[in-house]
Amino acid sequence: MQFTLNAAQSVAAVLAFLLIGYALQRHIPLLKNNYVPAPFLGGVALYLAMALTRPILDITLDSSLVVIFSTAFFASIGLRINRALLAQGVRQQVCFLLLVVGIAVAQNILALLVGGILGLSAAETLLHGSLVFMGDATLAPLFQQLGGTANLLPELNAVSLLAVLVGTLLGGQVFVALKSKVDLSGTLKPPAPAFTPLDLLRYLFIFALAMAIGFLPSQHGLGQWFSPVGGAFVAGLALRMILDRTKWMEVSLPPVNLLGNVSLSLFLTFVFATLPWQGLHDITLTGVLLVLFNSILLVVVAVYGVGRIMGRNTLATYVAAGLPGFSLGNPASTMATLQCIKENHGALPLAIFIVPPVGAWLINVINPYIIRLFF
1 MQFTLNAAQS
11 VAAVLAFLLI
21 GYALQRHIPL
31 LKNNYVPAPF
41 LGGVALYLAM
51 ALTRPILDIT
61 LDSSLVVIFS
71 TAFFASIGLR
81 INRALLAQGV
91 RQQVCFLLLV
101 VGIAVAQNIL
111 ALLVGGILGL
121 SAAETLLHGS
131 LVFMGDATLA
141 PLFQQLGGTA
151 NLLPELNAVS
161 LLAVLVGTLL
171 GGQVFVALKS
181 KVDLSGTLKP
191 PAPAFTPLDL
201 LRYLFIFALA
211 MAIGFLPSQH
221 GLGQWFSPVG
231 GAFVAGLALR
241 MILDRTKWME
251 VSLPPVNLLG
261 NVSLSLFLTF
271 VFATLPWQGL
281 HDITLTGVLL
291 VLFNSILLVV
301 VAVYGVGRIM
311 GRNTLATYVA
321 AGLPGFSLGN
331 PASTMATLQC
341 IKENHGALPL
351 AIFIVPPVGA
361 WLINVINPYI
371 IRLFF
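Under the numbering used here, the first residue of the sequence shown is numbered 1, with each subsequent residue one higher.
Misleading hints may appear alongside valid ones.
What the hints assert, rightly or not - Derived DSSO-like pairs (lysine-lysine); straight-line CA-CA distance at most 30 Å: (1) K32 / K181; (2) K247 / K32; (3) K179 / K32; (4) K189 / K247.
What the hints assert, rightly or not - Here are the in silico distance ranges between beta carbons for each label pair: (5) L118 / S252: 51 to 61 Å; (6) V176 / R308: 18 to 28 Å; (7) L118 / L30: 29 to 39 Å.
FYI, nobody ran anything at the bench for these hints, they're computed from the structure. Using N, Cα and C, we set each Cβ at its ideal position, and we do this for glycine too.
The task is simple: from the sequences and hints, build the whole structure.
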């Protein structure tokens with residue numbers, strides 16, 4: 001028997017398992033101490049629950065709201081950044097983007113080297129480069145444009161899934177390795193928001209406006225450059241600058257954090273619950289080796305490289321912890337790791353300004369051009 005949950009029912013299921021994820025994190029110290037994100041735990045638990053009931057009841061989630069939750073979170077990033085933080089963060093964001101571009105280049109070189117040693121075909125080599133690690137399986141159309149064949153798509157999906165799994169867990173380990181070397185007392189711990197119903201309506205309007213503007217580029221054929229999340233981020237940033245200048249409304253961090261973080265948690269749990277984890281059985285030894293080599297590369301860069309570029313400080317530690325997630329297959333992994341660290345040690349608005357826009361937007365614009373340089 002098949003049953004498709006509607007949007008409201010799907011959100012209810014996701015919220016239930018998100019709470020289960022937090023309960024697991026709270027009662028199992030190993031998970032908490034290693035920064036395994038609650039949305040990851042809840043999402044995978046929901047996936048397993050649906051898989052177990054499938055012989056009797058085949059449940060499908062309605063994921064139509066996922067793009068709303070993701071754009072709401074990216075709108076919140078823009079709304080958290082005032083003029084002073086913008087001036088401080090742009091240079092660091094550019095430096096981080098250049099580092100990530102270098103990693104994408106290295107991933108393709110690594111794929112070519114391993115492919116040459118193992119005698120892989122051009123298509124097999126292609127699917128083990130930045131196309132799958134920096135791009136994930138959503139670049140399957142580009143894979144086929146560049147000569148990849150349909151029979152290799154299951155392997156592409158399997159490598160992507162293993163990379164997502166490793167990347168989600170690896171960010172926490174990077175933070176564990178670095179946190180003792182920096183002073184975490186300077187992070188922000190925003191108080192619980194206190195606002196009236198009218199205040200809430202104002203914040204909801206600002207969020208909705210940023211999201212609505214963020215969709216415009218995609219609706220007018222510019223989605224290659226400005227995805228909905230990129231558009232929402234820029235729109236939120238522009239609205240924050242306008243509101244700060246006009247004084248029409250004071251943008252307070254606690255309400256923005258609340259709305260943004262709830263949206264993020266729902267987005268992440270949906271993503272991890274709907275990934276086709278059963279595709280892991282198609283993984284090959286070559287795929288495992290390339291995931292291992294890329295993991296080593298990213299740990300070395302995160303632990304030793306980010307600090308040299310950005311300074312050995314708390315911000316660099318947060319940024320380093322966010323690097324493995326999107327560089328091994330999915331920006332959601334990065335955002336889950338940073339959210340988990342923030343819940344335990346406090347927030348750094350600059351880290352959120354630097355990492356997710358690069359990992360979920362800017363590198364996705366650049367990566368297809370990098371891939372074409374090699375294949």
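Verification of the supplied hints:
no.: 1; hint: K32 / K181; verdict: holds, 20 Å
no.: 2; hint: K247 / K32; verdict: violated, 41 Å
no.: 3; hint: K179 / K32; verdict: holds, 15 Å
no.: 4; hint: K189 / K247; verdict: holds, 25 Å
no.: 5; hint: L118 / S252: 51 to 61 Å; verdict: holds, 56 Å
no.: 6; hint: V176 / R308: 18 to 28 Å; verdict: holds, 20 Å
no.: 7; hint: L118 / L30: 29 to 39 Å; verdict: holds, 36 Å
Hint 2 from the list above is the single one not met by this structure.
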